[in-house]
Amino acid sequence: MHFLVYFIFSVFLICIQTTLFPAFFRLFAQYDLLIPFVVYLTLFRSSIGVLPVILLSGCLMDLLSGGIIGIHIATYILILICFRTATVYFHFKNSILFQMVIILSVLMENIIFGMVISLQTITVNFSFYSGSVLVTQLIWAVISSPMVYFMFDYIFNRIDKLITGGLRERV
Amino acid sequence: MFSKKTMVAVGAVVLIGLYIIVFSFAYLRHSSVGDVATRTALFLVSPFQAAFSSSMHLIDDIWTHYFFLISVSKENDELKKKLAQAIRKNNGCREIELSNNRLVEFVKLKQQSPFHLEAAQVIARDPSPWYKTIIINKGTDDGITAGCPVIVPKGIVGYVLTASSRDAKVLLIIDRNSSVDALVQRTRARGLTQGVTRGLCRFEFALRKRDIKIGDNVVSSGFDGIYPKGIRMGYISKVIRRNSGLFQDVELTPYVDFTTLEEVMIILRPPSQDNMED
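Chains as they are written, first to last, in numbering that gives the first Met the number 0: chain A, 0 to 170; chain B, 0 to 277.
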């Protein structure tokens with residue numbers, strides 16, 4: 000059940016990112032909305048349903064994007080591995096830490112994309128455009144992540160209550 | 000108590016007296032004394048009259064602008080609704096007008112073009128800012144297959160990368176993975192346009208000895224096996240000719256504004272070069 004909810008939510012986020020934002024909020028379109036979602040699942044949700052959802056949504060993103068297949072899956076899996084491991088050492092129930100993790104994840108995604116593009120085009124070319132895309136994404140990550148944290152927390156707690164009748168699914 | 004005669008006499012005296020008074024005051028009005036008296040009266044009374052009048056206006060204002068506001072407020076709400084409806088309708092009309100203008104261009108292109116064209120709408124864009132693709136609402140059911148060129152009246156958009164039964168993914172010419180064999184229209188200098196993501200293309204492998212100037216039109220050469228020959232792509236916006244090296248660095252600005260792309264045309268059966276020449 001949780002898997003289905005997460006998957007529907009990820010499809011909803013992908014739809015917003017590919018249709019609504021490019022049409023109305025062009026600057027926001029540069030920000031990968033699945034990053035905060037993947038981070039939230041990684042840090043605050045149990046393993047059941049998280050890995051398949053991350054795999055499926057990464058696969059969807061890869062299929063919809065013009066990039067090579069597997070780039071989004073690899074990014075999301077890397078985020079999952081890194082920060083799930085970090086939950087052993089850190090307690091992330093804090094919007095500032097969540098913000099930090101999102102910023103790191105955005106950086107991680109852009110580094111992976113940059114490496115892949117550089118391998119594809121042979122020459123390494125860091126243009127002003129690349130810099131502006133990265134900075135825009137980081138700014139959005141900083142601005143939106145606390146809001147996103149509270150929003151996800153609220154939505155998924157409500158959904159948990161609906162599904163389990165008060166028992167929260169937590170790590 | 001009084002006799003009738005006495006009553007008539009008193010009445011006559013009173014009338015005469017009244018006449019005298021009236022005529023005396025009428026005379027006084029036109030005299031300086033009357034004038035002074037009038038001014039004095041005005042001076043004394045007019046402030047009270049003004050105060051009274053303004054308080055009447057105030058009451059009237061309160062009545063009309065406060066008590067009547069209940070009905071005015073309702074009317075205002077209705078008018079606001081009507082205005083919102085009118086704005087919505089006007090916006091719809093404006094959208095229809097703009098859409099109509101675009102579609103007229105498409106119809107012209109379809110009529111003038113030697114190719115078999117299929118129109119489609121852009122329904123989504125690439126989720127990643129690093130890649131430039133769009134998704135259109137036509138697929139293999141409409142005869143679209145991978146490799147079909149996609150154009151608009153302004154020029155080349157890209158080509159179909161993959162097609163499902165109802166949708167297709169189009170790789171734009173500004174994507175890093177896109178290459179189009181092209182010609183400078185004026186000098187026939189040949190090169191390969193490659194996307195650089197930020198809405199521009201590079202015109203690669205243009206020999207240094209070739210004459211290429213800023214503003215030159217670039218069209219597809221037809222040698223890449225995807226795009227038919229002679230379709231507009233863009234104009235040269237930057238040329239750097241170094242002292243050494245085989246090629247010159249040329250930047251191409253596409254005619255198509257990819258950020259506002261809403262409808263596209265897909266060339267379903269690109270005619271071969273022989274048919275084109277015929």
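Hints were generated in silico from the structure; no laboratory data involved. Quantities reported herein were computed from a predicted structural model and do not represent experimental measurements. Where hints are given, some of them may not hold.
Selected chain A positions facing chain B (Cβ under 10 Å, derived; list incomplete) [said to hold, decoys possible]:
(1) Pro-21
(2) Phe-24
(3) Ser-45
(4) Gly-113
We put the CB at the ideal spot given by N, CA and C, even for glycine.
Index of numbered hints that the structure contradicts, given in increasing order: 2 and 3
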